[in-house]
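K.L.:
Let's have the full structure, built from the sequences with the hints guiding it.
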Amino acid sequence: MKVTTGFFYETFLRDLNRQIEAMYKAQRQLATGKRVLSPGDDPVGIARIIKYKVDLSALSEYKRANNTAKLYNSSIENNIENLKNIVVKAKQLAVQGSSDTLSPTDRLALAKEVESLIQRSIETVNTKISERYIFGGYKTDSPPVNPLTGLYESDTNIQYLDISFFLYVEVNLPATEFFTYEVDPADPDRSLKVFTPYNYNFTGNSNAPYDADPLGALLMPQPSGGAITNPNDTFTANGGTLTIKLGDNESVDVTIDPNSSLNNIRDAINNNPHASNYVKAWVVNVKKNSTDPDDYRLVIGSVPNGKSDMIRIDVTTTDASGTGLNLLAYNPESGNVSMSFQENINGYNYITDPTDPNYYSFNNNYLNENYYLRALHFLKVALENNDQGRIQKAVGYFDKIADNLYRQQSIIGARLNKIESISDYNLEAETNTNQALSDEQNADALQIISELNQRLTVLQALRVTLTDFFRVTLFDFLR
Amino acid sequence: MGLTAIFDIGKSGVLSYQKALEVVSHNIANAATEGYTRQDVIFQNMPSGVTSARGVSGRGVSLADIRRMYDAFLELQLKTESSRLAYWNVLQKGLVRVENIFNDASDVALSNTINDFFNAWQELSQNPAGTAERSLLLAKAEYLADRINISYKSLIDERQELYVDSQNLVAEINKYLDQINELNEKIAASPGALDTKDLRENLVKKLNDIVQISYFEDISGRYTILLGGMPLVDGGKVYYLNVKLDSNQNMQFNLESISTTIDVTSLIQGGKLKADKDLRDTLIPNYMNKLNMFVFDFTEAMNQVHRQGYGLDGSTGENFFNKLYDIDIDAGSFGDIIYKMTDTNTYTYDEYRIQFDGTNWAVTDNTTGSSFTPTVTSWTEGTDTYYKLSFNDMEITLKNPSNNLDFTFQIKANTAIYFGVSITDTDKIAAAGKNPLTVSGPMDNENARAIYGLLDDKIIGSSKPIDYYRTIVSEIGVYSSSTQTQKSFQEALVEEIKKLRQDASGVSLDEEAVNLIKFQKMYEASARVIRVADEILSTIFEMVG
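Protein sequence lines, in the order shown, are assigned to chains A and B.
Note that the first sequence covers residues 628 to 1106 in this note's numbering.
Note that the second sequence covers residues 7 to 551 in this note's numbering.
Source of the hints: derived by calculation from the structure; they are not laboratory data.
Quick reminder that beta carbons are idealized off the backbone N, C-alpha and C, glycines included.
Please note: incorrect hints may appear among the correct ones.
If you want the footprint, here are the derived chain B segments under chain A, 3+ residues with CB under 8 Å [to be verified]: (1) 95-109; (2) 183-190; (3) 502-514.
Result set (SDA-like, lysine to any residue): computed pairs, CA atoms no more than 25 Å apart in a straight line [to be verified]: (4) 99/B <-> 658/A; (5) 755/A <-> 319/B; (6) 766/A <-> 739/A; (7) 629/A <-> 253/B; (8) 212/B <-> 637/A; (9) 697/A <-> 629/A; (10) 159/B <-> 102/B; (11) 678/A <-> 155/B; (12) 652/A <-> 102/B; (13) 524/B <-> 1097/A; (14) 755/A <-> 433/B; (15) 278/B <-> 253/B; (16) 470/B <-> 684/A.
With the Cβ distance kept under 10 Å, some of the chain A side facing chain B (calculated, not the full set) [what the hints assert, rightly or not]: (17) 629; (18) 641; (19) 643; (20) 647; (21) 657; (22) 664; (23) 667; (24) 681; (25) 684; (26) 685; (27) 696; (28) 763; (29) 766; (30) 767; (31) 770; (32) 787.
P.N.:
Below you can see the structure in the form of structure tokens.
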């Protein structure tokens, strides 16, 4: 085969270019540190590279979200810790106040101290971390708890932040969970419903100057046929008369119509002008947990409170024994006792219907152990009014309040745990993705340099041979 | 035979070798000329012309012919393959430019911009009332829109560039046709013009690189040039090509024949022109459509979620991005409408009319006049009734349509150009799931989280946004790398054929040097023969003198 000069040049040039082109690419790979310079270099690789980059970008954003979530939740935890300290202090004051040696003036001084604890607690709950009330909902324009009324005025929305692919965490804790509660803005007594005055009478009945409280009251037993799940269902088939007597007072007859429900009986007692001077009746749902079945009972307390054990109730009815009105009998002297005297109806559920006129009066005491602010206020008014019985009771409340705070803290602790483990996971994912991206995208400098050197050698050899080859032609020898 | 015959023989040698030296010199001179075919001299001994029974020596040498060392088969092969090479070459270069537009290997990639946009929503969900976060989000959204606009415009520019390129190529074709026609005439007049043939061969090759043609030589040596059977040069006449844009903005190639203009678009095969046509009218529009579908579905999905949310000022039902279709409601109403492209085709950007009589749906393509029966699925969510119509790679979801609904809509062609942020007031960014003024509060981040969640939702056709995008990039990569492979293969092939052609037609300086010496020696020898004849004559003259 004949190799012509022109072709030789051409081939040489092409080889030279090929080498230089390859060297240029290697050089660029070295300069950018990237193996894949354009999609065509590695179409499969580029798809992975994009995915890795997206993941990394999302991870770095999640890292920020993680930090934000951590910041909020740790400050929630810190503030709950502060509240716990306040509770400890309040309990000390309650123990101190319950001592017989203290004078009413001393107790008044303690009450002032409790008042300052209340204000400090509200300030703690109204903490704002970078534009956000951590104990509020979505609202940011006003603090969650009104310092004057103690009412919760924010919403109860839980705000979430995404801290990982498919995982999110709560970053606020509405104070309704443990601190105080909301009241319908239309309620005329709204401003009094957290900081309620001592023995405040919500019923507006002048004949009942003191609203009864269930510190001690008579409780109806559960009917043998099963719990009453609807207080409007017929309770007594035949009706009859309840003869109610408080201590040495004159006895009062209350007539109960046939087919009356528990609510009818309650209203019959409370609406009776004579009976309501001595006793107060409520219908309460005594289930202990919200998941338990409903269990409505009639509760009867003395007016004023504290003398419920002196109530006597005789029943005249044709209801079968052990059913209907017979369940409401209480006369230890005659031995006809169906109801039982309860020192404290704690542990039973509240009156759940907010339209019940006794909703707040009954819950007045009852809400305390669940609601921090009410417990402190309860102690404060008890101290102010020198009510040793209630002061004593407050001591017990504070343990429960502290328990509740521990519970909230453990919820936050769980959140922080989740954030921590996710942030570890994200960090690991980031490292792994970075590794994968680097494997896919980064140039192996060592390999490229050795390749470059190799090509350089070839290039030099090419140049040398070419000059040698063309330095002489046959013409040089044919002189 | 007389003594003087020796002079003649010597003379024939001197003249022949002088001519041979000329040819060799010509070869050497053209060693680097492209397409030059080596010429060779054919010597022939001259017979004596004397009738005799005994042996009679001849009368010297003569030049029988000067031949082009030309292998017609190889030339044809070379032309065909180099035409293919030209095609792949142009295609590969074009793809590199498209690749650059979608280059995600770099740090300023489009996918980063998409990420940044979603990250800004995530940032907003951390502080939904923050002005800084809101402004940042708007800036990122505008950047995303700009970035896609620019990418799309680059594709449009690329198409325009290719059109101009094609116009130039067509002009070049016409120039070559003229020149070939001219050379045809010269060759017909002087069949021995070897170098003219080389020139013509070269022109045909160049022409073939631009567009694949076929040709044959007629008896008088003229080339007839055909484009897929249609004559371009025939019998001294030239038929010119021209290019313009048809109604679909695609290139249309026409041949101006004697009386009419013939559309020869489908006859353009191979060569640079076909590569330009493929790039401009098939490949780039494909990616433009993909970008359009991305932008359209992205906008619709974003807007749908955004409309459900509330801004800081309590506004709701606002679109985040500009609406990318025109809608005209003739009768009736609906609660909400969401479009989705599942693919694109020729009819995607047509105007459609949709009618609902309470039970049946009718869809008419107003642009073509044809009607469709859409696939309808309906469901209820709470008190709302939804209908989803699927037809022609499109899904339309309507909320609570009234019974007499009648409307027309049209998706904007070049959708990606219109991609832009509609919101200007940062307070209108709907981060909240409920009205923050009346129901929830400024810290409500439900909708921001929902929008961030779109990153992981199959909102583009049946793909997640980034997955859809990286499929585009990867596809271009595969295309580009296979084109590169094709090109390299074709290059090797052409090289091989060139080698074969050089073997026959190329000039080797060494060979020419040998020939030069050879003919020089022959020339010297022939001159010596004349001297010998002279000496012999002198000897005879001295005898006489």
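K.L.:
Does each hint hold? Answer for all of them.
P.N.:
Here's how the hints hold up against the structure:
1. Requiring three or more residues with a Cβ within less than 8 Å of a Cβ of chain A, the coverage given for the segment 95-109 of chain B holds, as 6 such residues are present.
2. Check result for the segment 183-190 of chain B against chain A: violated, 0 residues qualifying (beta carbon to beta carbon below 8 Å, three or more required).
3. Coverage of a stretch by a chain is defined here by at least three residues with a beta carbon nearer than 8 Å to that chain's beta carbons; for the segment 502-514 of chain B and chain A the count is 7, and the condition holds.
4. Distance restraint check for residue 99/B and residue 658/A: the Cα-Cα separation of roughly 23 Å lies within the 25 Å cut-off, and the hinted pair is therefore satisfied.
5. At most 25 Å may separate the alpha-carbon atoms for a hinted pair to count; residue 755/A and residue 319/B meet this at roughly 22 Å.
6. Taking the CA atoms of residue 766/A and residue 739/A, the gap is near 32 Å; set against the 25 Å cutoff, the hint is violated.
7. For the hint linking residue 629/A to residue 253/B, the alpha-carbon distance of about 55 Å lies beyond 25 Å, and the restraint is violated.
8. In summary, the hint linking residue 212/B to residue 637/A is supported, as the alpha carbons are separated by about 18 Å, within the 25 Å threshold.
9. Using a Cα cut-off of 25 Å, the hinted pair residue 697/A and residue 629/A is violated, with the two alpha carbons roughly 80 Å apart.
10. In summary, the hint linking residue 159/B to residue 102/B is supported, as the alpha carbons are separated by about 17 Å, within the 25 Å threshold.
11. With a CA separation close to 23 Å, the supplied pair residue 678/A and residue 155/B stays within the 25 Å bound.
12. Taken as a hint, the residue 652/A and residue 102/B pair is honoured in the structure, with Cα atoms around 14 Å apart against an allowance of 25 Å.
13. Between residue 524/B and residue 1097/A the alpha-carbon distance is near 22 Å, which keeps this suggested pair within the 25 Å criterion.
14. Among the hinted pairs, residue 755/A with residue 433/B is consistent with the structure: their alpha-carbon atoms are about 22 Å apart, no more than 25 Å.
15. In summary, the hint linking residue 278/B to residue 253/B is supported, as the alpha carbons are separated by about 24 Å, within the 25 Å threshold.
16. Between residue 470/B and residue 684/A the alpha-carbon distance is near 16 Å, which keeps this suggested pair within the 25 Å criterion.
17. Taking 10 Å as the C-beta contact cut-off toward chain B, the hint placing residue 629/A at the interface holds, the least distance being around 5 Å.
18. Given hint, residue 641/A at the interface with chain B, holds; its Cβ is 7 Å from that chain's nearest Cβ, closer than 10 Å.
19. A hinted interface residue such as residue 643/A counts as satisfied when its beta carbon comes closer than 10 Å to some beta carbon of chain B; here the least separation is about 14 Å, so the hint is violated.
20. Among the interface hints, the one on residue 647/A is violated; its C-beta lies about 16 Å from the nearest C-beta in chain B, farther than the 10 Å criterion.
21. Here the hint on residue 657/A is broken, as its CB sits about 15 Å from the closest CB of chain B, past 10 Å.
22. With 10 Å as the threshold, the beta carbon of residue 664/A comes within range of chain B, its nearest partner Cβ sitting at about 6 Å, so the hint holds.
23. For the restraint placing residue 667/A at the interface with chain B, the shortest Cβ-Cβ distance is roughly 3 Å, inside the 10 Å limit, so the hint holds.
24. Proximity of residue 681/A to chain B holds as hinted, the smallest CB-CB distance being about 5 Å (cut-off 10 Å).
25. Because the smallest distance between the Cβ of residue 684/A and any Cβ of chain B comes to about 4 Å, under 10 Å, the interface hint for this residue holds.
26. Because the closest C-beta pair between residue 685/A and chain B is about 7 Å apart, less than 10 Å, the hint holds.
27. The interface hint given for residue 696/A holds, since its Cβ lies 8 Å from the closest Cβ of chain B, which is under the 10 Å cut-off.
28. With a cut of 10 Å, the hint placing residue 763/A at the interface with chain B holds, because the nearest CB-to-CB distance is about 8 Å.
29. With its C-beta approaching chain B no nearer than about 3 Å, residue 766/A sits inside the 10 Å limit, and its interface hint holds.
30. Interface hint status for residue 767/A: upheld, as the beta-carbon distance to the closest one in chain B is roughly 5 Å, under 10 Å.
31. Hint status for residue 770/A relative to chain B: violated, with the closest Cβ pair at about 12 Å, above 10 Å.
32. With its C-beta approaching chain B no nearer than about 7 Å, residue 787/A sits inside the 10 Å limit, and its interface hint holds.
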